[in-house]
Amino acid sequence: MRALAYLQLRLFVNSIKHIARSPKRLIPAILLAVFVLPSLLMNLAIAVMGVPRYGSYGHKEYLEGLQAEALWSGVFALLALVVVYTLYNALSEGLLIFSASHIDFVFPSPVNRRVVLIFKLLGDYSKYAMYAGFVFLFVIPPFFGMAGGPVFPAALYCWLGTVFLLILATNVSHTLNIATTYTASRFSAAGAVVRTAILALVAATVLAGIYHYRQSGDALASLVASVYAGAARVILAPVSWCANLIVGPLTGQTAGAVLLVAALGLLAIASALVLLARPENFYEPSLGISGRMARLKAAGGNLAALRIEAMKRRRNASYSRSPVPPFGRGASALIWKNLVTRTRASRSTLAILFLLPPLLAAAVGYFAREPEIQRFSPFAMVYVVWIVSSASQQELRSEFRQVDIIKAIPASGFSVVAAQVFSQWLLVAVLTIVGALSVLVFIPGADHYFLGIATLGSLTIGFVCIAASSVPVLLYPDARDKWQLLIPTWITMIVLALVIGPSAVICAVLAVFRVNLAIIALSLIAINTALSWGALAISGRLFERFDPTAD
Amino acid sequence: MALDIQNLTKYYKTTLAVDEVSISVADGEIVGLLGPNGAGKTTIMRCVTGIVQATHGEILVDGLSLRKREQDVKRRLAFVPEVPNPYEMLTVVEHLRFAAMAYDTEPIFDSRHEELLRRFELHDRRNDLVLSLSKGMKQKLAIICAFMHDAKVLLFDEPLIGIDPKGVRELKDMIVEARANGCAILIGTHMLDTAERLCDRIVILRQGRKIAEGDLDDLQERAKMGEDATLEDVFLTLTEVDTADEGPGVPSA
Ligand SMILES: Nc1ncnc2c1ncn2[C@@H]1O[C@H](COP(=O)(O)OP(=O)(O)O)[C@@H](O)[C@H]1O
Ligand SMILES: [Mg+2]
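Protein sequences appear in the order of chains A and B.
342 is the number that our numbering gives to position 342 of the first sequence; each next residue is one higher, with no gaps.
113 is the number that our numbering gives to position 113 of the second sequence; each next residue is one higher, with no gaps.
Among the hints, a few may not be true.
What the hints assert, rightly or not - Derived CB-CB ranges, DEER-like:
hint : chain 1 : residue 1 : chain 2 : residue 2 : range
1    : A       : ALA277    : B       : ARG67     : 11 to 21 Å
2    : B       : LEU64     : A       : ILE97     : 25 to 35 Å
3    : B       : ASP62     : A       : GLY256    : 56 to 66 Å
4    : B       : LYS13     : A       : LEU356    : 25 to 35 Å
5    : A       : ASP124    : B       : HIS56     : 32 to 42 Å
6    : B       : VAL176    : A       : MET1      : 33 to 43 Å
7    : A       : ASP124    : B       : LYS135    : 28 to 38 Å
What the hints assert, rightly or not - Each computed BS3-like pair below joins lysine-lysine, with the alpha-carbon atoms no more than 27 Å apart:
hint : chain 1 : residue 1 : chain 2 : residue 2
8    : A       : LYS337    : A       : LYS407
9    : B       : LYS135    : B       : LYS166
10   : A       : LYS24     : A       : LYS337
11   : B       : LYS135    : B       : LYS68
12   : B       : LYS152    : A       : LYS407
13   : B       : LYS135    : A       : LYS24
14   : A       : LYS17     : A       : LYS127
15   : B       : LYS68     : A       : LYS120
16   : B       : LYS152    : B       : LYS166
17   : A       : LYS17     : B       : LYS135
18   : A       : LYS120    : B       : LYS13
These aren't lab readings, by the way, just hints derived from the structure by calculation.
Using N, Cα and C, we set each Cβ at its ideal position, and we do this for glycine too.
With the rest of the complex left out, here is chain B (with noise of 0.2 Å):
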């Protein structure tokens, strides 16, 4: 497994805000991590990631121990966040130079971002500063920061939000071809249609719990739903909070 989520949870200060999840990600694999608003989704990237430190449970990359291998770990992930506040006196080149550096991997930065600018039709606002770039642009500077580096996990939290129809394209090709490249990818979102077509496995996440996994199939069989069911028929079942506070539990396989 290339990313290995072992029971993990998380407090902040006394808010329960991921409880006991485990989640895989296998080489060359896109899992979907689908979730209303506060399920989790964002604290689970922020683990994985070491900006948050888990309470308990154990985080792997490619066998490594987020714990005790936080550097080496890091290096193979890259992650975009949720709504990035990218540097705002820095010029677009310039941050991105600033992410090869950061990841050491500018041997190979003069050909990746010349490639990546053009992809995202960021090209001709290279050299201007972040602080003249929309909210758009801004997202999908991240993107390409997060491909400066050749990463072995990637980790995208609501990444479709805000970008072009031409952008939105962009980046599902490179999602697909990481995935073709080996890659392991994880995708917070709600964007359901997108999650259908794109992911392998999808996880259903609410309250911080994890309440079902599997593919289109198993996710309909756990609903008890018919095969017409979408997965947005699916998603409103499981996650309509009936029985108020006492929580679904996690499946048992």
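Isolated chain A (complex conformation) (with noise of 0.2 Å):
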């Protein structure tokens, strides 16, 4: 026990002082604190003393428009599928994770295994109590006040209730997923069933919406049905109290809710105790899934890397034709090799690229059926690339980990970073292009011209991102360091929201002014060159510099 506490305390401080000692590190969380920590506390102040101004408001005219059983529903189905997801995944192996240095220096040693457990389970349970108090302390109190209703106590009861939800939903999933995953063979046939009940239990409510959407065509009231007709809601009781402790101050009905969240929080108690009477040693499962995570992690923790663990894991596959006719010189023969190696393991990606955007704009030509909504519907997919563009920083990071390559190639930095950029700009060039043809097939409300100032921003929009992100990606190499990795990611958020601003200016502008395509497009190709051509210079400077292995 004190050995545990020992270890987990010095690997807090340390990695405290680990980002103390270096400017590098140091800045961005003190830059990240600023932006965060104030708009934390105004939440935080509206929560403990109510909100003034809207104060007079009562709850009836705040809700007026809004449907209570629609809102609760609502609530209901997204912790439904959150709990819904957990239990579905207790069933397969490797829930019960631990790393590969608790494997080496915890699991031989004396400690005892509910000790170990018991570790485990506290540290997922405050990182619950810590999500959901970002929730229901700082984000939603507000509109509990904006309600006309109690904000203090409230807040606490939602926060108490979904942290209990979650608890419980954690201890059923882990106690299932070690019974099964452990015992003789039969339990594991009692998981397939389980299995199954869950997906014709979700089925079941889908399509019960779907029949009422068919019937009424109101997608809200569809919602509402399918929830309360499926046997959803009782068999997820403890997830309907939940709704009820959140959905309570929004409309009034706030009696009870000390019983529900006492309830909540009995069964996770309850749960706790049943899952720490196993008797199984769980520690196998996390052999495999770790020894592979920590070859992952040798990699650069990547995409990339994962692909190919799981290439290697298909046997007999045969790679022997390459997809792509090879071409180019210097930096530029990086582009064929990214093809290359992109098409052959990637192919669920590329399979995904190919679909979602159809089914997408398919399920918006058929569902949303308000004129508004599919004539805007093309900027959507702006907001998709720029989504993907910011997902290529670590596909980016992976391929300038194989430093001994690309260094050793005999063209400038600039050549190389835009050769990377390009080929991971390919990937969004080819998503957008299958985006416009499948607004353009399955939204017939879908206006043109907005649909071409979309497709050209999103291009160019695209590359920019993309360009921009090679930036931090090599200003923060080291992916053995948690926090070089999350660094950059803020500071990629940063960069990317700074970077699409010309491009959403001049889309704005010129949009209200039906101005020809062709002007539109040739200002955001000249806009996004020069800021593409900015981002590429230095990150080539940044490249030539540029050592993977030291800090």
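Grab the two chains, each in its own frame, and use the hints to assemble them into the complex.
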């Protein structure tokens, strides 16, 4: 017990020190605090003191037009999704995974296995408490105030209830997991049955909703109907209690909240006791998974390595012929190499690339019949592309880690970085074009002028975003260091928000005046070329003195 | 017998990794566990240290059953894993202190860790984060951790790979010292020359089965080879997969 407490404490203190000692890590951490803390404090103040300006509004006025039932159903559906997903995962291998260090230094030691489990669970529980605390103590309470209800105990009850619900779901799924993984095979068969039952329940609920929608054509009402109709509400009673706790303060029904919290708390404790009473040795799944993770971490902890791991497991795959004929000299040969590896290693990603946009467009075309939504739908493309571009940071990181190869290429840093960015961008370009075609085919109400702008915007914004995210990647290249993964993610978020500014302004202003598409295209290309060139110049310089193994 | 492994069988899901293997190591004896990659050496060590649960079979340490007295058994064991992953965010000294706490041996911590750090030339890195150590240094750290308590049974999984010559010499000395102090030692390895010089007895595994056991003379005899055959010759002859699928079976003593 004492040993593990000491371990956790030292790990925590040392990682704080580790940040504090290096300006490269400290400055972004401080910046983040400066950005986030004031808004948190403000929300907390609102939560504690109430909302004076809106205080005179009663909850009835606030809720006018907002259906209480729909609200409840939405909250319930969201929570139920989280809980069902947790339970579903319980039946797969590797729910309870310990670090490679734990395998080597705690598992063989005489530290009691239950103590090891308790520490692991406490770590998870405190994460839930933090996340839920963020939502229920900082983000949501102002709404309670606006609804005219009491803010303070209500927010606390919501937080406790949600944390207890999450703890309950975790405990139940760990118990199921341990019982089905380590005992006789008839229990494993039981696992398959439970899994099927969960899938059936979800399918039934979704079908009920779709059926109602076909009958009524009202999406919100269908959500309510599916939630109320399904057995979901009975089976997931604790979820519905939690939904009551959250929606209560908005609708003015807060009686009995303490009881609901107490019931959830009791269930959480009881489930923890059941879990701790399991006698099985639950260490084994960590071996396969953490071993893989350790190798992944060594490889830079990225998606490419994950895919290659997956390929290794796919035994008899043969990859003799290259799907892309060779081209390129110097840095541009990198583009060919990237194309080859991508078409080989990430077939499922490519499949998603071609399938997801038509599916989404078809869903919008079918379900979202409001003309305004259809008209403006092309702009959703820009958003998707923006998200995808910010995710490319991980891929860039993995590419740059193959430093032995790319550093040896006789080309300037600028062209190497440009080639890497270009290869990433090709993906975005394909996504954009597939997306544009899907919108054209499946969303009849889409404004074609907007579609043109969105397509051009996606293409140029995609490039500038990827180019910009190469800068933080090269500034913080060491993937073995958790902070070197986190900090560039924050920086990328900020940089990407800045870098799309000019494009957003151009699109908005010119679109209002319905300026000719060619002019918009030219201005987008001009401004984003300039921005990308700047970003590539910076990261080219960084690349030239780049050493991913040094700190 | 300090360590007694009886009819150990281990399946990972459906993969048979160890098949009815019995090994015993007496007090003051060094036994080498030899076998090609995937023979099951690591798996046997993991079963003994309780990292994985044996599918069936019995493991006894000092006559205590691992199944029934897990914590008492583990207290008597020390284990150095194949490629150790120490906690990167601890300093070297903190890591050793944690090991001492886990095995409840803090009273001897101060004298013990100083001496071991000096022997393995990690003394000037004692306050550095493990993050900054090289691979070989991390391995040395794991070895020192194993010696932070007085174990009855020492288990080493490929201990000599990756450490420098001075470290190898120290480790060999310490293994021999431990033998003199009456410890039972099991070393999994495929470094045959080391095994030949260091071990009192050798167990050869192939595809999860024990195919031969004894000192070099016994093994030469079993491989039907002459006196001048080295362990390498014997090993390669015995582990050669000639009878493709049909395993060789445990020798009838
Ligand atoms: N975590 C695991 N999951 C599934 N199979 C494993 C696992 N670890 C080892 N194996 C398999 O068990 C067998 C023995 O492996 P191992 O004990 O590591 O051999 P050695 O240490 O002698 O090289 C191998 O066939 C290996 O593939
Ligand atoms: Mg091994």
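We went through each hint and held it up to the structure:
Distance hint check: the CB atoms of A/ALA277 and B/ARG67 are about 18 Å apart, consistent with the given range 11 to 21 Å. Range check, B/LEU64 to A/ILE97: about 30 Å between beta-carbon atoms, so the 25 to 35 Å window is met. The hinted window of 56 to 66 Å between B/ASP62 and A/GLY256 holds, with their beta carbons roughly 59 Å apart. Judged by the Cβ atoms, the range 25 to 35 Å given for B/LYS13 and A/LEU356 holds: they are separated by roughly 33 Å.
For the pair A/ASP124 and B/HIS56, the supplied restraint of 32 to 42 Å holds, since their beta-carbon distance comes to about 33 Å. Distance hint for B/VAL176 and A/MET1: a CB-CB separation of about 36 Å, consistent with the stated range 33 to 43 Å. For A/ASP124 paired with B/LYS135, a C-beta distance near 31 Å keeps the hint of 28 to 38 Å intact. The suggested pairing of A/LYS337 with A/LYS407 holds, with an alpha-carbon distance near 15 Å, which does not exceed 27 Å.
With a C-alpha separation of about 15 Å, the suggested pairing of B/LYS135 with B/LYS166 holds against the 27 Å cut-off. At roughly 33 Å between alpha-carbon atoms, A/LYS24 and A/LYS337 are farther apart than 27 Å, so this suggested pair is violated. Straight-line distance between C-alpha atoms of B/LYS135 and B/LYS68 comes to about 37 Å, which puts the hinted pair past the 27 Å bound. Among the hinted pairs, B/LYS152 with A/LYS407 is inconsistent with the structure: their alpha-carbon atoms are about 51 Å apart, more than 27 Å.
For the suggested pair B/LYS135 and A/LYS24, the alpha carbons sit about 26 Å apart, so the restraint of at most 27 Å is met. At most 27 Å may separate the alpha-carbon atoms for a hinted pair to count; A/LYS17 and A/LYS127 meet this at roughly 21 Å. Straight-line distance between C-alpha atoms of B/LYS68 and A/LYS120 comes to about 24 Å, which keeps the hinted pair within the 27 Å bound. A hinted pair counts as satisfied when its Cα atoms are at most 27 Å apart, and B/LYS152 with B/LYS166 qualifies at roughly 25 Å.
Using a Cα cut-off of 27 Å, the hinted pair A/LYS17 and B/LYS135 holds, with the two alpha carbons roughly 23 Å apart. For a cut-off of 27 Å, the pair hint linking A/LYS120 to B/LYS13 stands: about 25 Å separates their Cα positions.
Comparing the model with each earlier hint shows violations of hints 10, 11 and 12; every other hint is respected.
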